[in-house]
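Participant: Here are the chains, one letter per residue:
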Amino acid sequence: MSEYNFAYLDEQTKRMIRRAILKGLAIPGYQVPFASREMPMPYGWGTGGVQVSAAALTPDDTLKVIDQGADDTTNAVSIRKFFERTAGVATTEETERASIIQTRHRIPEAALREDQILVYQVPIPEPLRFLEPRETETRKMHSLEEYGLMHVKLYEDISQHGQIATSYAYPVKVEGRYVMDPSPIPKFDNPKLEMAAIQLFGAGREQRIYAVPPYTKVVSLDFEDYPFEATKADHACDLCAAADSYLDEVIMDDAGGRMFVCSDTDYCRSRRAAGHVGRLGSEAPLSTGPEAA
Amino acid sequence: MTASMTPDTTDIYSGGFADPAVASAHGFRAAMDVMARPGTWRSLTGARAPAGLSEAAATLLLTLCDPETGVYLAQDVDSAALRGWLTFHTGAPLVPATEADFAVGGWDALMPLDQFRIGCSQYPDRSATLVVELPERRAPNATLTGPGIKDSARLYLPDSAALQRNAMLYPLGVDLFFTSGADVAALPRSTQITQGG
Numbered sequence: 000m001s002e003y004n005f006a007y008l009d010e011q012t013k014r015m016i017r018r019a020i021l022k023g024l025a026i027p028g029y030q031v032p033f034a035s036r037e038m039p040m041p042y043g044w045g046t047g048g049v050q051v052s053a054a055a056l057t058p059d060d061t062l063k064v065i066d067q068g069a070d071d072t073t074n075a076v077s078i079r080k081f082f083e084r085t086a087g088v089a090t091t092e093e094t095e096r097a098s099i100i101q102t103r104h105r106i107p108e109a110a111l112r113e114d115q116i117l118v119y120q121v122p123i124p125e126p127l128r129f130l131e132p133r134e135t136e137t138r139k140m141h142s143l144e145e146y147g148l149m150h151v152k153l154y155e156d157i158s159q160h161g162q163i164a165t166s167y168a169y170p171v172k173v174e175g176r177y178v179m180d181p182s183p184i185p186k187f188d189n190p191k192l193e194m195a196a197i198q199l200f201g202a203g204r205e206q207r208i209y210a211v212p213p214y215t216k217v218v219s220l221d222f223e224d225y226p227f228e229a230t231k232a233d234h235a236c237d238l239c240a241a242a243d244s245y246l247d248e249v250i251m252d253d254a255g256g257r258m259f260v261c262s263d264t265d266y267c268r269s270r271r272a273a274g275h276v277g278r279l280g281s282e283a284p285l286s287t288g289p290e291a292a
Numbered sequence: 000m001t002a003s004m005t006p007d008t009t010d011i012y013s014g015g016f017a018d019p020a021v022a023s024a025h026g027f028r029a030a031m032d033v034m035a036r037p038g039t040w041r042s043l044t045g046a047r048a049p050a051g052l053s054e055a056a057a058t059l060l061l062t063l064c065d066p067e068t069g070v071y072l073a074q075d076v077d078s079a080a081l082r083g084w085l086t087f088h089t090g091a092p093l094v095p096a097t098e099a100d101f102a103v104g105g106w107d108a109l110m111p112l113d114q115f116r117i118g119c120s121q122y123p124d125r126s127a128t129l130v131v132e133l134p135e136r137r138a139p140n141a142t143l144t145g146p147g148i149k150d151s152a153r154l155y156l157p158d159s160a161a162l163q164r165n166a167m168l169y170p171l172g173v174d175l176f177f178t179s180g181a182d183v184a185a186l187p188r189s190t191q192i193t194q195g196g
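First to last, the protein sequences are chains D and C. Quick note on numbering that gives the first Met the number 0: the first sequence kicks off at 0 and runs consecutively. Quick note on numbering that gives the first Met the number 0: the second sequence kicks off at 0 and runs consecutively.
Misleading hints may appear alongside valid ones.
[Claimed, not checked] Result set (DSS-like, lysine-lysine): computed pairs, CA atoms no more than 27 Å apart in a straight line:
1. D:K152 / D:K139
2. D:K152 / D:K191
3. D:K191 / D:K172
4. C:K149 / D:K139
5. D:K172 / D:K80
6. D:K80 / D:K139
7. D:K216 / D:K139
8. D:K152 / C:K149
9. D:K216 / C:K149
[Unchecked claim] Calculated Cβ distances over 12 Å to all of chain C for the following chain D residues:
10. A19
11. Y29
12. S98
13. H141
14. S158
15. D224
16. A229
17. M258
Because the hints were derived from the structure by calculation, they are not lab data. The beta carbon of each residue, even a glycine, is placed where N, CA and C say it ideally should be.
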């Protein structure tokens, strides 16, 4: 603990990140450049989210980290341990008990509250990047509110596939002004982007921070005759029987056997603890409860 | 610094954060919370500046300012003691209003609003943040809507018309903190303002 400054980063770096977060909140959806630092983990492992979390944490916080909805994958475990060690904060796997949730590619199923903060790890913050590789051009397109290219992309989806085939990192327009990449969350999660909690987005390699304040209008781009649709696998969870949660498909054997399970492990666990049993589920063993006291 | 500006050294070295990392973390959370929820007040404590600056404004400056941010002190708060205090605790250079990242003072002393940087269309974040000292928390006289506000919020604004003009510049414009005693509220450029209501 004492070998590190609180939450690892030095104070001047945190101030720089904090100023970027404040400007990001004042201009929802606009990507604020920031001087991203090297972190003791590789790019692609959430260095942007980690820096934003480090700048936002106080010793009183309870931190939850999820990777594709799961608390127990390598990325989530290592980031949780990182902040346990460098910030000494409490951690939890329960969405309800967390004050800050760092996430890779999911929004928790449970509705977040006003006193919670959701920090996203973002790989490519620029929604126009795969359509226009030059930063000088995309910056100009944002400044002129020139988003025709994005609609052409969605239109080409329809002409080739008969529907908008973009299924994750689905572009949104924030408060009627900036088109924003919501990070690679499934489009199932897009309607949840209008929430009571503060949402902060950090892209470490690309050196951008952006934000969505609570109750900000976030609209998924679409067409009148091809309206946006939040989709998920057409099943119920095989462990907890939830019909309303985003599902992972798990291959069980070489004979085509498969099961569908909630990608949000805490949501699934709490439902099983409440007695819900899915097709392949059994009564939840009590030992799988959250590790944090 | 000229001889007449030599600060009273008994004041300027005290009043900093007792535990900088933790105090500034709490300070930032209050600042972020009010910027994300225009119209709400939060308590903001931890720093004491020489006479003339509220605890909330002093804490905000120590939380956000360093050698990379130019600070403008409006005439009503500008003093040799405050300059010395700010320099000792943050290292922030003191700059004219037109170059400021942060500007501190009472509303009238900070005016005109259009002297501050509002960013440019490709980088609207390169704009000033005003820390407006209010002598007291007065009854709200404006209704706010927009990002961060569930239905609507109410806040006292010193000049709704000038701030409406600022909001019309969106996505350009300045962002404001209002400080009074140990309390802080904020008004980002994204907020729509209705007078009275």
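Participant: With reference to the structure, classify each hint as holding or not holding.
Facilitator: Here is what the structure says about each hint:
{"no.": "1", "hint": "D:K152 / D:K139", "result": "holds, 19 Å"}
{"no.": "2", "hint": "D:K152 / D:K191", "result": "holds, 24 Å"}
{"no.": "3", "hint": "D:K191 / D:K172", "result": "holds, 14 Å"}
{"no.": "4", "hint": "C:K149 / D:K139", "result": "violated, 32 Å"}
{"no.": "5", "hint": "D:K172 / D:K80", "result": "violated, 35 Å"}
{"no.": "6", "hint": "D:K80 / D:K139", "result": "violated, 41 Å"}
{"no.": "7", "hint": "D:K216 / D:K139", "result": "holds, 23 Å"}
{"no.": "8", "hint": "D:K152 / C:K149", "result": "violated, 33 Å"}
{"no.": "9", "hint": "D:K216 / C:K149", "result": "holds, 10 Å"}
{"no.": "10", "hint": "A19", "result": "violated, 7 Å"}
{"no.": "11", "hint": "Y29", "result": "violated, 6 Å"}
{"no.": "12", "hint": "S98", "result": "violated, 10 Å"}
{"no.": "13", "hint": "H141", "result": "violated, 7 Å"}
{"no.": "14", "hint": "S158", "result": "holds, 32 Å"}
{"no.": "15", "hint": "D224", "result": "holds, 30 Å"}
{"no.": "16", "hint": "A229", "result": "holds, 22 Å"}
{"no.": "17", "hint": "M258", "result": "holds, 40 Å"}
When the structure is compared with the earlier hints, violations turn up for hints 4, 5, 6, 8, 10, 11, 12 and 13 and for no others.
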